[in-house]
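Chemist: Please put together the full structure from these sequences, using the hints given.
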Amino acid sequence: MPEQLAYTIEVFLNGLMAGVLYALVALGFVLIYKASGIFNYAQGVMALFAAMTLVGIQNGQVPFAHLINAIFGTDVHKFGWSVHSFVAIALTVVVMIGLAWAVQRFVFRHLVGQEAIILFMATIGLAYLLEGVADLMWGSELKALDVCAAEGVCLPQGLNSWIDETTFETFGYGFFIDNLDIVASIVAAILVVGLVMFAQYTKQGRAMRAVADDHQAALSVGVSLNFIWILVWSLAGFVALVAGIMWGAKSGVQFSLSLIALKALPVLMLGGFTSIPGAIVGGLIIGVGEKLFEFLIGAPFLGGATENWFAYMLALLFLVFRPQGLFGERIIERV
Amino acid sequence: MKFKLGTMAVAALMAASPAMAELVFPSLSYRTGPYAASGIPFADGYADYFTMLNARDGGIGGVMTTVPECETAYNTEKGVECYESLKGGGGLVYQPLSTGITYQLIPKVTADNIPMLTTGLGRTSAKNGRVFSHVFNFPANYWDGASVAVKHMLDEEGGDLSGKKVTLVYHNSAYGKEPIRTLTELSKKHGFEFNEVPVDHPGQEQKSQWLQIRRDKPDYVIMYGWGVMNQVAIQEAVNIRFPMDKFIGIWWSGSENDVLSAGAGADGYKAVTFHNVGADYPLYDDLKKYVYDEGKAAGAGDQSGTVIYNRGIYGAMLVAEAAKKAQEIHGTANITPSQMRDGMEALEITEEKMTELGLPGFGPEFKVTCENHGGNGFAAMTQWNAETKEWTLISDFVQSDQEVIQSLIEEDSNAYAAENSIEDHCS
Amino acid sequence: MFYREAGDFNTSYAEDQQTFPIKFDRYRYYVVLFIAIVVVPFTVNDYWVNSIFMPFLIYTIAAIGLNILVGYCGQVSLGTGGFMAVGAYACYKLMTAMPEVSMFIHVLLAGVITAAVGVLFGLPSLRIKGFYLAVATLAAQFFLVWLFNRFPWFYNYSASGQINAPERDTFGIIITGPSTEAWAAYAFCLVFTIFSAYVARNLTRGSVGRKWMAIRDMDIAAEIIGVNPLRAKLTAFAVSSFFIGISGALFFAIYLGAVEVGEAFGIQKSFLVLFMIIIGGLGSIFGSFAGAAFLVLLPVALKVVGVDLLGWPTDIVAHLQLVIVGLLIIVFLIAEPHGIAQLWRVAKDKLRLWPFPH
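Protein chains in written order, with our numbering: chain A, 1 to 335; chain B, 1001 to 1427; chain C, 2001 to 2358.
Each hint should be verified, as a subset may be incorrect.
As the list claims (entries may be wrong) - Using 27 Å as the maximum straight-line C-alpha spacing, the simulated BS3-like pairs for lysine-lysine come out as follows:
#	chain 1	residue 1	chain 2	residue 2
1	B	Lys1324	B	Lys1087
2	B	Lys1217	B	Lys1164
3	B	Lys1246	B	Lys1151
4	A	Lys78	B	Lys1289
5	B	Lys1165	B	Lys1151
6	B	Lys1389	B	Lys1151
7	B	Lys1288	B	Lys1246
8	B	Lys1189	B	Lys1217
9	B	Lys1288	A	Lys78
10	B	Lys1389	A	Lys78
11	B	Lys1151	B	Lys1367
12	B	Lys1151	A	Lys78
These aren't lab readings, by the way, just hints derived from the structure by calculation. Quick caveat, the model's predicted, so the values are computed rather than measured.
Modeler: Shown next as structure tokens:
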């Protein structure tokens, strides 16, 4: 097998994996947009908030410690215990549900029926607010994130030796696949299947789809909009947590985690704002597209670092042919 | 609850209102935003050193010091606001800690006659004091860092790098591109092959770059990273099983923050530094006695002994010594920013002086002159031990390849002088 | 001195259609202009100009530009940072290539160049709408930043990769570089702000503006009544980019003096200007001023109160700042979803009937 081909395949596979990680972030946007027409600018900050909360709970940090110390002149930092990862995840989910309730109760309940741009703006405010609260609560320094099922059994990272050796024997070039990416793909697959099953086969899921189709009609047949929106925001919070864990495992938990939202935008554009499969397929196309472009054209001819803008250009190109994204709902315009 | 904040407010007002003579050392810190992880320890170290000077020596030369802090969040516009608002308070010397803010301030401080110290950052060619009269960047700059990294490789390879491959992974910004020219020159001189791999801001996704490195199999990788890019790059290097002792970061890629999240895999990672690491200095006893135990530590007080905290201490120590020098030259304890500038230009850091300060072997020896505002380009290598979670110095402070660097500095600073019609300030 | 139109008799169409039909309003406006032009330049110091007035004026120009595109023509754009960068780099290249030409010309030319680039990136708007378009304009944002960073020609091959504004003057008064007087920089920006507001206000009142608004309200209907969507959208992109280019040029040359593209004109700048017009009020020139003021002044005000007056630790203040700005945005929205401009309008309507509202 010629080297160049082997390299291309390797880049392709890694692009797929990166795409899954992008899709994880995009999924949160889609959930909320589909059910309530809100373009949730705060999704990235939610991932940051969730990851910070998870680490904070794991390490037994006292929330708002710095503020408390400044006000009361005390010196508290930690409770002195550490919480098992799974328990911490469960507690974080509870926090995210609480957040969803608060967002619904204090913000969007007062903004029902407003234009999309106003709802978007409210999420901007929410993003500022959440960022400030997260920093006050847990501090803005960098935190390492490790999710461990038991002592020593943590999220795997790094080269998968088995794939490396097998491909080396068959092709003469060992492929690099990151273990974390494999886990992320599995988690993403479970998440998507779970979400689709939930939407298709449960009562709440059906209600959710009804709301997504038509608010008023759903309301008139007795679906509680309030409940559905809390549900959707909770689900988005959960997805944000998963995305936060996967990205945070690599980079540590810090402010920049909220910037992963930017990686999701071209995915959304390409896949359509309203389609869960669209987010996945869009993610894969963007991941593979940008990696292959960087490998074949960007790095050798353009001096590299082309991925950021190429992802958007690629999405733009798709949009010119399908203005509503690959899987978006057909836009029917009437005068 | 409001009680404490209330008393603090009163205390602050009382501290601010009497126009007592004080030496003001403003701190443009960034405790929030994308680079908070690096900003917090520096600001803490900087503040703690002056707190200790006040408590132990009663300030500098009998005059108390204050460190008004202003949050920039590493944002250029906020930096300008901070500079302007602190200027009114009579700040003696600014340490902007951000290359972007530095470039803003270079013309401004020169016009306002206030010195600026950009230790290990900012405009490299500011070393040429003939052109940049108010900007100092001792003891080492980015080009020195690149050169010292290459020297370290030479040592490792028995003095011969010909036929070796060196790859630079850099933050795709002005800062990251700094070492390219130096390394290109050095690659010609030493005969190694040099490649560049840019990573776009913020750098959370570096799969392409590290796959490329994995294919190219360079002998050494040098990194000029910043913020989240560092953590991800080190993690990816671990992932592709790149030998960590052949992976060398610049000082902004060489703190605990950068390696901790990669865990045990990061063991052996190296970084260039211009100051020593660890907390094993007599000065730390004083810090403990006068600052920590008194509950006066800045911030959360948990950064003591980290690499960047030490950098804050080092930065504070340099300007405090320069202030002493200025007091000595001008024979007055209440120095002005302009006198402070003279002090910085006459600063000499020797081993005896550092020992006297309780910081033996903390940094390189250097002497500032009118022509040379950048020290002599000495830097050392540190290495990370993932088990003990400590950085250790693994080399002496060695000098960079002055021959190569000096000509680059002349070239760049003269271009700036020509563009802005600046006359030789030393003659 | 009551705020009402009673007693104001208009005897010509021109009088009837003027921007400020109510006398009181008009005088208030003259007073504001008088203060801005005559009083402020003689009283300001470096601090006020560099940290309050200049960012406010420059962001106002950018906000007016973006408001034309988003508020009047309904094309959501997130490419503002990139277009500001075009203005800045165009201005830099012009300044260094032709040092003897007046800065006025350079800044205007920078605007024209940005307008051309804006039209180019506006082309997809003919096909793509709404949030999809917003994300598509991000392609412009990222591409332009990459471009200016990548090719050394744009920064005259300087080793640092930054662009520095050399000393330039207009009418013999130095307005860039370190030895600029505070008032000169202020006055220079003020001229452009007034010019932009004046042009934008009158464009949006005229046939061009009405075409934009028709497109915004429903593009298909507009097309049917004879508005050419191609021309309307592209003129909106051109005019909007022109103003944004001017603001980018001023931002670089007058305000900061040295700029690195990724840091100064990154994606967060695009979002910031968008936040300004949303908070200020879409489709309102006053809203552009109000939004810029809100996002420039509020953080400074909070900082002054928190750090300087109360003496709290800077990091807590910085975090609280985020919380307060976020809360204010949300509270504002719930109280008045159409931004500060709408609050202003409501206040004026109330004032007109005051003190007998019934």
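Chemist: The structure should be examined with respect to each hint, and the outcome stated for every one.
Modeler: Going down the list of hints, with the structure as the test:
{"no.": "1", "hint": "Lys1324(B) <-> Lys1087(B)", "in the structure": "holds, 21 Å"}
{"no.": "2", "hint": "Lys1217(B) <-> Lys1164(B)", "in the structure": "holds, 10 Å"}
{"no.": "3", "hint": "Lys1246(B) <-> Lys1151(B)", "in the structure": "holds, 13 Å"}
{"no.": "4", "hint": "Lys78(A) <-> Lys1289(B)", "in the structure": "holds, 24 Å"}
{"no.": "5", "hint": "Lys1165(B) <-> Lys1151(B)", "in the structure": "holds, 15 Å"}
{"no.": "6", "hint": "Lys1389(B) <-> Lys1151(B)", "in the structure": "holds, 26 Å"}
{"no.": "7", "hint": "Lys1288(B) <-> Lys1246(B)", "in the structure": "violated, 37 Å"}
{"no.": "8", "hint": "Lys1189(B) <-> Lys1217(B)", "in the structure": "holds, 22 Å"}
{"no.": "9", "hint": "Lys1288(B) <-> Lys78(A)", "in the structure": "holds, 21 Å"}
{"no.": "10", "hint": "Lys1389(B) <-> Lys78(A)", "in the structure": "holds, 20 Å"}
{"no.": "11", "hint": "Lys1151(B) <-> Lys1367(B)", "in the structure": "holds, 22 Å"}
{"no.": "12", "hint": "Lys1151(B) <-> Lys78(A)", "in the structure": "violated, 44 Å"}
Violated hints, in rising order: 7 and 12; the structure is consistent with all others.
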